[in-house]
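These protein sequences, in sequence, are chains A, B and C.
If you number the first sequence the way this note's numbering does, the last residue is 269 and the count never jumps.
If you number the second sequence the way this note's numbering does, the last residue is 326 and the count never jumps.
If you number the third sequence the way this note's numbering does, the last residue is 221 and the count never jumps.
Take these hints with a grain of salt, some might be off.
[Unchecked claim] Now the in silico label distances, taken between C-beta atoms and shown as ranges:
#1 B:Glu116 to A:Leu114: 21 to 31 Å
#2 A:Leu263 to C:Gln12: 51 to 61 Å
#3 C:Pro77 to B:Thr21: 23 to 33 Å
#4 A:Glu79 to C:Pro77: 19 to 29 Å
#5 A:Met182 to C:Tyr206: 40 to 50 Å
#6 A:Gln144 to C:Leu198: 25 to 35 Å
[Stated by the list, open to error] Cβ-to-Cβ under 7 Å is the rule here; a few derived chain C residues that face chain A:
#7 Gln12
#8 Ala45
#9 Ala63
#10 Leu79
#11 Gly80
#12 Val149
#13 Asp178
#14 Val180
#15 Leu182
#16 Thr199
#17 Ala202
#18 Ala205
The hints are simulated quantities; they were obtained by calculation from the structure and are not laboratory data.
As the structure is a prediction and not an experimental result, all values here were calculated from the model.
Just so you know, even glycine gets a beta-carbon here, dropped at the ideal spot from N, CA and C.
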Amino acid sequence: MDYILGAPQVILELALQHLAVSGGAVLIALLLGLPLGILAAKVRWLELPVLTFAGLLYLIPSLALFAFLIPTLGLGTQTAVVGLSIYSLLVIMRNVAIGLGSVPEPLREAARGIGMTAGQSFRLVELPLALPLIIAGVRIATVMTIGIASLAAYIGAGGFGVLIFRGIATADNDLIVAGALPTALMALACDALLRRLERRLRR
Amino acid sequence: MSDALRLEAVTKSYGSTAVVKGASFAVKTGQFCAIVGPSGCGKTTTLKMINRIIEPTSGRIFIEGQDAAAIDPVQLRRRIGYVIQQVGLFPHMSVEDNVAAVLRITGRPREERRRLAHAMLDLVGLPASQYARRRPSALSGGQQQRVGVARALVADPELILMDEPFAAVDPVVRKQLQDELRRIQAETGKTIVFVTHDLPEAFSLASHIVIFKDGQVVQAGGPEELLFAPASPFVSDYLAESRELLGLRFMQARGFATPGGGGVPDLPGDASVLDVVQALARRTVGDRLAPILLGDAQGAQTWQLQPQDLVRAIVGAVATSG
Amino acid sequence: MDALITFFAQNAELLGKLVRQHLVLSAAGTGLGFCIAFPMAVAGSLLPRLGQGFATVANLAQTVPSFAVLGLAIPLLGIGFAPALLALTLRALLPIFLNAYVGLRELDPALREAAKGIGMTRWQSLVLVELPLSLPAVVGGLRTAAVESIGIATLAAFIGGGGLGDLILQGIALRDTVRLLAGALPAAGLAILVELTLAALQAYLVRRTLRGSAGTPAP
Numbered sequence: 067m068d069y070i071l072g073a074p075q076v077i078l079e080l081a082l083q084h085l086a087v088s089g090g091a092v093l094i095a096l097l098l099g100l101p102l103g104i105l106a107a108k109v110r111w112l113e114l115p116v117l118t119f120a121g122l123l124y125l126i127p128s129l130a131l132f133a134f135l136i137p138t139l140g141l142g143t144q145t146a147v148v149g150l151s152i153y154s155l156l157v158i159m160r161n162v163a164i165g166l167g168s169v170p171e172p173l174r175e176a177a178r179g180i181g182m183t184a185g186q187s188f189r190l191v192e193l194p195l196a197l198p199l200i201i202a203g204v205r206i207a208t209v210m211t212i213g214i215a216s217l218a219a220y221i222g223a224g225g226f227g228v229l230i231f232r233g234i235a236t237a238d239n240d241l242i243v244a245g246a247l248p249t250a251l252m253a254l255a256c257d258a259l260l261r262r263l264e265r266r267l268r269r
Numbered sequence: 005m006s007d008a009l010r011l012e013a014v015t016k017s018y019g020s021t022a023v024v025k026g027a028s029f030a031v032k033t034g035q036f037c038a039i040v041g042p043s044g045c046g047k048t049t050t051l052k053m054i055n056r057i058i059e060p061t062s063g064r065i066f067i068e069g070q071d072a073a074a075i076d077p078v079q080l081r082r083r084i085g086y087v088i089q090q091v092g093l094f095p096h097m098s099v100e101d102n103v104a105a106v107l108r109i110t111g112r113p114r115e116e117r118r119r120l121a122h123a124m125l126d127l128v129g130l131p132a133s134q135y136a137r138r139r140p141s142a143l144s145g146g147q148q149q150r151v152g153v154a155r156a157l158v159a160d161p162e163l164i165l166m167d168e169p170f171a172a173v174d175p176v177v178r179k180q181l182q183d184e185l186r187r188i189q190a191e192t193g194k195t196i197v198f199v200t201h202d203l204p205e206a207f208s209l210a211s212h213i214v215i216f217k218d219g220q221v222v223q224a225g226g227p228e229e230l231l232f233a234p235a236s237p238f239v240s241d242y243l244a245e246s247r248e249l250l251g252l253r254f255m256q257a258r259g260f261a262t263p264g265g266g267g268v269p270d271l272p273g274d275a276s277v278l279d280v281v282q283a284l285a286r287r288t289v290g291d292r293l294a295p296i297l298l299g300d301a302q303g304a305q306t307w308q309l310q311p312q313d314l315v316r317a318i319v320g321a322v323a324t325s326g
Numbered sequence: 003m004d005a006l007i008t009f010f011a012q013n014a015e016l017l018g019k020l021v022r023q024h025l026v027l028s029a030a031g032t033g034l035g036f037c038i039a040f041p042m043a044v045a046g047s048l049l050p051r052l053g054q055g056f057a058t059v060a061n062l063a064q065t066v067p068s069f070a071v072l073g074l075a076i077p078l079l080g081i082g083f084a085p086a087l088l089a090l091t092l093r094a095l096l097p098i099f100l101n102a103y104v105g106l107r108e109l110d111p112a113l114r115e116a117a118k119g120i121g122m123t124r125w126q127s128l129v130l131v132e133l134p135l136s137l138p139a140v141v142g143g144l145r146t147a148a149v150e151s152i153g154i155a156t157l158a159a160f161i162g163g164g165g166l167g168d169l170i171l172q173g174i175a176l177r178d179t180v181r182l183l184a185g186a187l188p189a190a191g192l193a194i195l196v197e198l199t200l201a202a203l204q205a206y207l208v209r210r211t212l213r214g215s216a217g218t219p220a221p
C-alpha cells in the first residue's frame, strides 16, 4: 500500500502499459473472433473443427504458450499481445457462434418472410439479438486477459506484473500487493463496465 | 371418528397476504375428494399443508384424528402418498427403483421392495416384466404419471394427495388415466385428496368436492349437492359452464319415465339422463323416437321412457341451472 | 526438432522428475481445493443465503491474477512447494464450487419436492437424489480446476515450486529455445491429456445418469 501511495507516477505508467497490452490483445481477438465465429455459426460443418482447435490452444498453460512464441517473436510486447489474444480468441469466437446459433429459427424465418435479404436479416435481426452474448464473451476475455497480462512482464511487456516480479525477487510483500491489487481492481472495473453495457443491450 | 382428514380453520399467510384463510373441511375414510377453484384460490397451498411441504400459519390439520403438527414431518410424509403435476420421477433411477424409493428410505428388505414395486406397476397398468428396468425418460408423459401414482401407493399410505396430476398430459391420455385412477381407487379403497382446476375431471372422479375461492372454502359436499343446491351465486356461476352436461349425468332417467313395459331393457334401471342421450345417439335415425326401456337384467322392474319426456328433463335441467 | 529429441533423451531423468513434481502439485492443489469447495457447495445448496455469499466471494477472488496469488503466498509460507500448493488450492476453489453449487441449485425443483413429498429427510434427498444427479456438473468443475492447475503449476517455478516451468524459465533466461520447448511442450501435453481424460469421464457420467434418454424409446 505504501508503495502505491508513494509512487503514483510509476503506478500510472504501469497501468497504461497493462491496459495497452490487454486492450490490444482483446481487440485483435475481437477482430479475428467475430468473423471466425460468424463463419462457425453459418457454415455448420466448420463449427466443430474451429471450436475444437481454439479449445485446444486455450488449454495450453500461459507460460508455455509464451514459450512457444518466443523463438519466432522474441521477447517483448508483441509476444505478450499475440499470446494473450490467442486465449481471448476462443472465448469471443465461441460466444459469437453460440449467440448467433441461439437466435430462434422462427425469427429468421419471419425476417425472410417480410422480404429481408440474408444480409439484412443478419444485420438487422440476428446480430442485434446475439450482441449481449458477444459482449459477454468480450467481458470474460477482458477479465481473463488482464489477469494473465501480469505474467507478460516476465517477457518484457511491462504492466503491473513488473512490480509482482520485483516483489517476488526481493521478497517484498508491499511490492507484490502493489502489483496485484491494481490488477484485480482493473479487472473488476472492466467487468462492471462491460456488464453494464451487456445489461443495456439486453433491454 | 371416521374422518381420514380434517382441516380446522387452516390459514397460510406470506407476510401480510393470506393465501388460505380459515379453511375447514373433512374427508371421510375411503372418500375421493376433489379440491377445485379458480387459479390462485389457494387449493394447491392447502394440499401442500396437509403433508407439511408448506407449514400452516395457523389452524389445525388432523390425519386419522392425529394432529399433523405433532407428527415429525418426514414420518408424516411417509404415511401419505404424494403425486405432483411435474411427476418428479428421479431420472437416474429405474422405474422400479423410483416406485420403491419410499420403501428404500424406510429400510425395507430388497426382496420385499421389489415385490411390492412390481405389484404396484402391474396395478397401474405398466406390466413390471416390461417396464421395471426402464428409465423414466424412456416413458411417455402418461406412463410417467402412472409410475408417479405407483410410487404414491407402494407404501400402503392412509391418504394420497394429488396436485393436478393429469394437467400436463393430452386429453386422450388424461381420460385413460382418470379411468385407471377411478378403478384403482375402487380396488384399493384409499382416501384420495385431489386438486384440479378441471371441473369435469372433479365431477367424474370425486365423491366429495371442496370449492375454494380467494383462499376460503365456499362449499363442500357431494357432486349433486353442488349442482342442485349451490351455496352461493359464485358456486352457481363457477359450475355453470359444465353444469348442463354434468346435471344430465347425475339425473336418473327413470324419474322421467313411467313404470311398466316389457322385453329386454336397453339400459340399467339407474341409468342417467346422459346415458340415455348417448344411447339414443347410437341408434339409427329412424329409431330415435322409439321409447327406451330401463330395467335390471332380470327384467323384474322396468320403466319406459318416451323421448319427448327426455326433452322435458333436459329443458328442466338447463332451466334450473340458469 | 532433432535437438529437442536429443534433449529429451539426454535429460530423461530430469524431465521425469519435473513431470512428477508438476503432476503432484496439480493433483494436490485440485484435490485440496475439492475437499474445501465441494462441502462449501453442498452447504451453499442447503443454505441459499450462504451459497449466495460464497458465490459472490468466489467471483471476486477470480479477478485476482493467479500469478499474484502465487506471489502473495510467499510471505505466508516462504518459497517452494507449500506456497505453490496454497495458490493452486485457492484457484481450484472457484470452478469446483461454482459448478457443484450451480449443478445442485439448477436441479428441477419438482425432484426435490417429490423427494420431500415421499418422506425423504433433507440428507436422504441430498445423498439419494441431488448429488447423483449433479455428479456430471461436479466432475465438470473438477475438470476445469485440474486443467487450470496444470497451467498455474507452470508458474510455480517462479517461487521455487519446481515443475516443468523450471525448464521454460531456464530457456527464457539462457535464450535456449530447446530448453524452452522441452518445458512448454510437455506442459501443454499434460493439460490437454487431463482435459481429454476428465471430459471423457464427464461424458460417461452424463450418459450413465440419464441412460434412459438414449435407451428404449416410449412405445
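Now for the hints, and whether the structure bears them out:
Between glutamate 116 of chain B and leucine 114 of chain A the Cβ separation comes to about 50 Å, which falls outside the hinted range of 21 to 31 Å. Taking the beta carbon of each, leucine 263 of chain A and glutamine 12 of chain C are about 54 Å apart, inside 51 to 61 Å as hinted. Against the hinted window of 23 to 33 Å, the Cβ-Cβ separation of proline 77 of chain C and threonine 21 of chain B comes to about 55 Å, which falls outside the hint. In this structure the supplied range 19 to 29 Å holds for glutamate 79 of chain A paired with proline 77 of chain C, their Cβ-Cβ distance being about 26 Å.
The hinted window of 40 to 50 Å between methionine 182 of chain A and tyrosine 206 of chain C holds, with their beta carbons roughly 45 Å apart. Separated by about 32 Å at the C-beta atoms, glutamine 144 of chain A and leucine 198 of chain C satisfy the suggested range of 25 to 35 Å. Given the 7 Å rule on beta carbons, the hint for glutamine 12 of chain C is violated: about 20 Å separates it from the nearest Cβ of chain A. Interface restraint check: alanine 45 of chain C against chain A, minimum CB-CB distance 26 Å, threshold 7 Å, status violated.
Annotation: alanine 63 of chain C was flagged as interfacial toward chain A, and the flag is violated, the nearest CB pair being 9 Å apart, outside 7 Å. Look at leucine 79 of chain C: its Cβ only gets to about 12 Å from chain A, farther than 7 Å, so that hint breaks. Hint status for glycine 80 of chain C: violated, given a least beta-carbon distance of 9 Å to chain A, over 7 Å. With its C-beta approaching chain A no nearer than about 6 Å, valine 149 of chain C sits inside the 7 Å limit, and its interface hint holds.
Hint status for aspartate 178 of chain C: violated, given a least beta-carbon distance of 10 Å to chain A, over 7 Å. Proximity of valine 180 of chain C to chain A is violated relative to the hint, the smallest CB-CB distance being about 10 Å (cut-off 7 Å). Because the smallest distance between the Cβ of leucine 182 of chain C and any Cβ of chain A comes to about 5 Å, under 7 Å, the interface hint for this residue holds. For threonine 199 of chain C, the suggested interface contact is broken, since its CB lies about 12 Å from the closest CB of chain A, more than 7 Å.
Nearest Cβ of chain A to the Cβ of alanine 202 of chain C: about 14 Å, over the 7 Å cut. The hint is violated. Hint on alanine 205 of chain C is violated. Least Cβ distance to chain A is approximately 15 Å, over the 7 Å limit.
Checked against the numbered hints given earlier, this structure breaks hints 1, 3, 7, 8, 9, 10, 11, 13, 14, 16, 17, 18; the rest are met.
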